[in-house]
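Chain residues, written in single-letter form:
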Amino acid sequence: MMFLLLFPLALALALPVMNDIITTMFNKKFMEELFKPQELYSKKALRTVYDRLAHASIMRLNQASMDKLYDLMTMAFKYQVLLCPRPKDILLVTFNHLDAIKDFIQDSPGILNQVDETFRQLIETYSCLSAGEFQLIRQTLLIFFQDMHIRVSIFLKDKVQNSNGRFVLPISGSVPWGTEVPGLIRMFNHNGDEVKRTEFTTDGNYVTPQREGSFDLYGDRVLKLGTNMYSVSRPVETHMSGSSKNLASHAKENTVPNPLAKEELNFLARLLGGLEIKTPGGSETGFRLNLFTTDEEEEHAALTRPEELSYKVVNIEATQEPGRRAELSRILGELEVAEPRPASSGKGEDLLALMDGL
Amino acid sequence: MYRKEKSIQLKSSSAALYNNLSVLRLPGRQLACFSAVHGPSVNVVSAAADGLGFSHRQLQAKEGGMAVSTSILTQAAWCVLPSRVLLVLTSQKGIQMYESDGSIMVYWHALDVTEHPPGTSSGVVLVFDIPPKGTNITVSEVLEQHRDAITDIAAELGQAPDGAGDLVTADDNGTLCVWSTGEEFTLVSKIPAFGEGRGTPNTSPWHVGLQLRREEVKHAPVSSCTCSSVKLWNGVVAAGYGNGQIRLYEAATGLLRAEVNAHARWIYALDLAPETGKLLSGAEDSFVHVWKLSRNLDTDDVKPLVRHRGHREGLTAQWKPSWAQSELPAACDPQSCPGLVEIEHCHAECVTDTQVCGARFCDSEGNSFAVTGYDLSEIFRYGRA
Chain A
1 MMFLLLFPLA LALALPVMND IITTMFNKKF MEELFKPQEL YSKKALRTVY
51 DRLAHASIMR LNQASMDKLY DLMTMAFKYQ VLLCPRPKDI LLVTFNHLDA
101 IKDFIQDSPG ILNQVDETFR QLIETYSCLS AGEFQLIRQT LLIFFQDMHI
151 RVSIFLKDKV QNSNGRFVLP ISGSVPWGTE VPGLIRMFNH NGDEVKRTEF
201 TTDGNYVTPQ REGSFDLYGD RVLKLGTNMY SVSRPVETHM SGSSKNLASH
251 AKENTVPNPL AKEELNFLAR LLGGLEIKTP GGSETGFRLN LFTTDEEEEH
301 AALTRPEELS YKVVNIEATQ EPGRRAELSR ILGELEVAEP RPASSGKGED
351 LLALMDGL
Chain B
1001 MYRKEKSIQL KSSSAALYNN LSVLRLPGRQ LACFSAVHGP SVNVVSAAAD
1051 GLGFSHRQLQ AKEGGMAVST SILTQAAWCV LPSRVLLVLT SQKGIQMYES
1101 DGSIMVYWHA LDVTEHPPGT SSGVVLVFDI PPKGTNITVS EVLEQHRDAI
1151 TDIAAELGQA PDGAGDLVTA DDNGTLCVWS TGEEFTLVSK IPAFGEGRGT
1201 PNTSPWHVGL QLRREEVKHA PVSSCTCSSV KLWNGVVAAG YGNGQIRLYE
1251 AATGLLRAEV NAHARWIYAL DLAPETGKLL SGAEDSFVHV WKLSRNLDTD
1301 DVKPLVRHRG HREGLTAQWK PSWAQSELPA ACDPQSCPGL VEIEHCHAEC
1351 VTDTQVCGAR FCDSEGNSFA VTGYDLSEIF RYGRA
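Protein chains in written order, with the numbering used here: chain A, 1 to 358; chain B, 1001 to 1385.
Simulated from the structure, these hints should not be mistaken for laboratory data.
All C-beta atoms, glycine included, are put in the ideal place defined by N, C-alpha and C.
Accuracy of the hints is not assured; some may be wrong.
List of simulated lysine-lysine pairs, BS3-like, C-alpha gap at most 25 angstroms [claimed, not checked]:
#	chain 1	residue 1	chain 2	residue 2
1	A	Lys-44	A	Lys-29
2	B	Lys-1011	A	Lys-44
3	B	Lys-1133	B	Lys-1062
4	A	Lys-102	A	Lys-196
5	A	Lys-43	A	Lys-29
6	B	Lys-1062	B	Lys-1011
7	A	Lys-102	A	Lys-224
8	A	Lys-44	A	Lys-28
9	B	Lys-1004	A	Lys-43
10	B	Lys-1062	A	Lys-44
11	A	Lys-159	A	Lys-102
12	B	Lys-1292	A	Lys-196
13	B	Lys-1190	B	Lys-1004
14	A	Lys-43	B	Lys-1011
15	A	Lys-159	A	Lys-224
Label-pair ranges, simulated between beta-carbon atoms [stated by the list, open to error]:
#	chain 1	residue 1	chain 2	residue 2	range
16	B	Lys-1011	A	Ser-127	39 to 47 angstroms
17	B	Gly-1383	A	Glu-117	52 to 60 angstroms
18	B	Glu-1144	A	Cys-128	20 to 28 angstroms
19	B	Phe-1054	A	Thr-208	42 to 50 angstroms
20	A	Glu-124	B	His-1109	32 to 40 angstroms
21	A	Pro-37	B	Leu-1187	28 to 36 angstroms
22	B	Asn-1136	A	Ser-214	25 to 33 angstroms
23	A	Val-160	B	Ser-1377	51 to 59 angstroms
With these hints in hand, go ahead and build the complete structure from the sequences.
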């Protein structure tokens, strides 16, 4: 069950450092571990796993940025779990995450196989569960997210979150698959014949759903939860510090019908906008991903973050494997295209030099 | 019409659990007590009738011997017995019974956790013998009719007709069992999950109702559906389901008497006001509804609205078990035929942006009720204007 909590992270980090993280995450041993029946993780334990995963790549997130990313991930996933039309739909949300992950790795058949294997395992393990068992899973996840009311700017702007941090619950739209639109009362006599029928009205304005989402390896999930996290190109920003400014001032509404792929690229662009490479002479080497506009802001955010929400960042220093070098080189090539930075000169040699120094 | 009244603040928020609000009325002392589970702890609040004074208490889930993680409470409820009132907490690890104010734990019943790993349950119902005072509490019986996790247990709130049973249990797969209590518990009727038993004709009485219903609603998806909350009143079982429906059954026979498309999402709570037959329902769709149940002795034998294919007598002969045919008289007399069970809608309340997880009437007439929801550190109160 816990891996449901991890996919959103993979999704967010997948782009800049996709193969590193996806390879780590969908590692056979790691997945086997996650599929074992187990108690709910503590928040600290999940955060540690998040940190390790994030640092399984060449990217180095400092605490404030990681905090911010973690807040965003947890609130977004809380929203998805909370608004699942029926409990079983948490599986569709997860399938949406995996579909998106697969989109990123179309060109890497090896990793694609790993993800498909996880997909099959998910279907095998979960498709036989009853509605009540899915509800128990959902309720357990909701216990995990209980009392987390971090405000997320994208949610506030979309009016899906209130200023007190609680999510807006719609009272219109499709009822869940298998549920009737409220309003009808039917009464039966001893023979089972319907003898009386009355109706009632409420403020709710519901319609019957057209079809059920697909629980197969491929198919239309119908459900949009889990696909549209970045479907509008807005700065991803949590409101912990109260002082952060938008990361991208040129953000615009996107009107492409299925905006996921494009918007993930926009998100990547924003992430890259904050990427810095420290000079070899510095005390620390490696990538830094900064989700804040300036270092001052970031430090401020770290200082103003409430104590109970602070975690120690676990730094995992990955050793450089020869096979990974080509991949790093390619990623660096993309970084070059996205935004030229003064510290890097030509074809990624600098980065590789840095990595070799680790 | 009901109007919102002063709400009660909780020390911590309510968890997403079925029936996660319990109300104890103490008429003598003009006091009401409320409890809602937060996770590893439960909030207990005593409120003066004038709504001014509150006293709070938090009880923790008791740890089993080798517990690594804190156990999560699954339910807190007051059990009002003739001689004493107990506050009972359940968790994965066991059952805790406290004096009604939560001051003293009088009994701890450990469940075998190794036998039931996380996420599993055996579906047994434990019957306890409770002495008028003291801690000599014993398990007197174990009822093993359910195959899935028990979601709710309800005792008769009104007057049980002869042979109707006086206790109903519900499970995660939608099966309901009606019991006759006493020195030993006997099963009166078993109402299977909606959607079970399709195909082979079953001789059980409740299948008459279900089979006929299916003729009409072929389009409805057939799958089992959790019954999250159940109530029993004057021989009528009121059950709330995960598909948002409320169904009324005859407790004695298990016959389906009414079906209400009540909520757009999973129902979490039902309550019934014994003196008026008012029914309260709360669901994840953020709505709370008030309904009214009644028996209309004159209208049971009226013509059906929907005629079935074929001759009616033919259908009767085909589906009704032989014993039922002899028992059901051609002309319904009020003794054997207790009349049409009616349900009407009285009030709808939208608790904005709240997935309701607990809803209870605060008085026996149903003139006031209390509501809480997931992630909410508050109990909202409503009273009749």
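Checked hints:
no.	hint	result
1	A/Lys-44 to A/Lys-29	holds (22 angstroms)
2	B/Lys-1011 to A/Lys-44	holds (23 angstroms)
3	B/Lys-1133 to B/Lys-1062	holds (22 angstroms)
4	A/Lys-102 to A/Lys-196	violated (53 angstroms)
5	A/Lys-43 to A/Lys-29	holds (22 angstroms)
6	B/Lys-1062 to B/Lys-1011	holds (19 angstroms)
7	A/Lys-102 to A/Lys-224	holds (17 angstroms)
8	A/Lys-44 to A/Lys-28	holds (24 angstroms)
9	B/Lys-1004 to A/Lys-43	violated (36 angstroms)
10	B/Lys-1062 to A/Lys-44	holds (23 angstroms)
11	A/Lys-159 to A/Lys-102	violated (30 angstroms)
12	B/Lys-1292 to A/Lys-196	holds (15 angstroms)
13	B/Lys-1190 to B/Lys-1004	violated (39 angstroms)
14	A/Lys-43 to B/Lys-1011	holds (21 angstroms)
15	A/Lys-159 to A/Lys-224	holds (17 angstroms)
16	B/Lys-1011 to A/Ser-127: 39 to 47 angstroms	holds (40 angstroms)
17	B/Gly-1383 to A/Glu-117: 52 to 60 angstroms	holds (58 angstroms)
18	B/Glu-1144 to A/Cys-128: 20 to 28 angstroms	holds (24 angstroms)
19	B/Phe-1054 to A/Thr-208: 42 to 50 angstroms	holds (44 angstroms)
20	A/Glu-124 to B/His-1109: 32 to 40 angstroms	holds (37 angstroms)
21	A/Pro-37 to B/Leu-1187: 28 to 36 angstroms	holds (32 angstroms)
22	B/Asn-1136 to A/Ser-214: 25 to 33 angstroms	violated (57 angstroms)
23	A/Val-160 to B/Ser-1377: 51 to 59 angstroms	violated (21 angstroms)
Checked against the numbered hints above, the structure violates hints 4, 9, 11, 13, 22 and 23; every other hint is satisfied.
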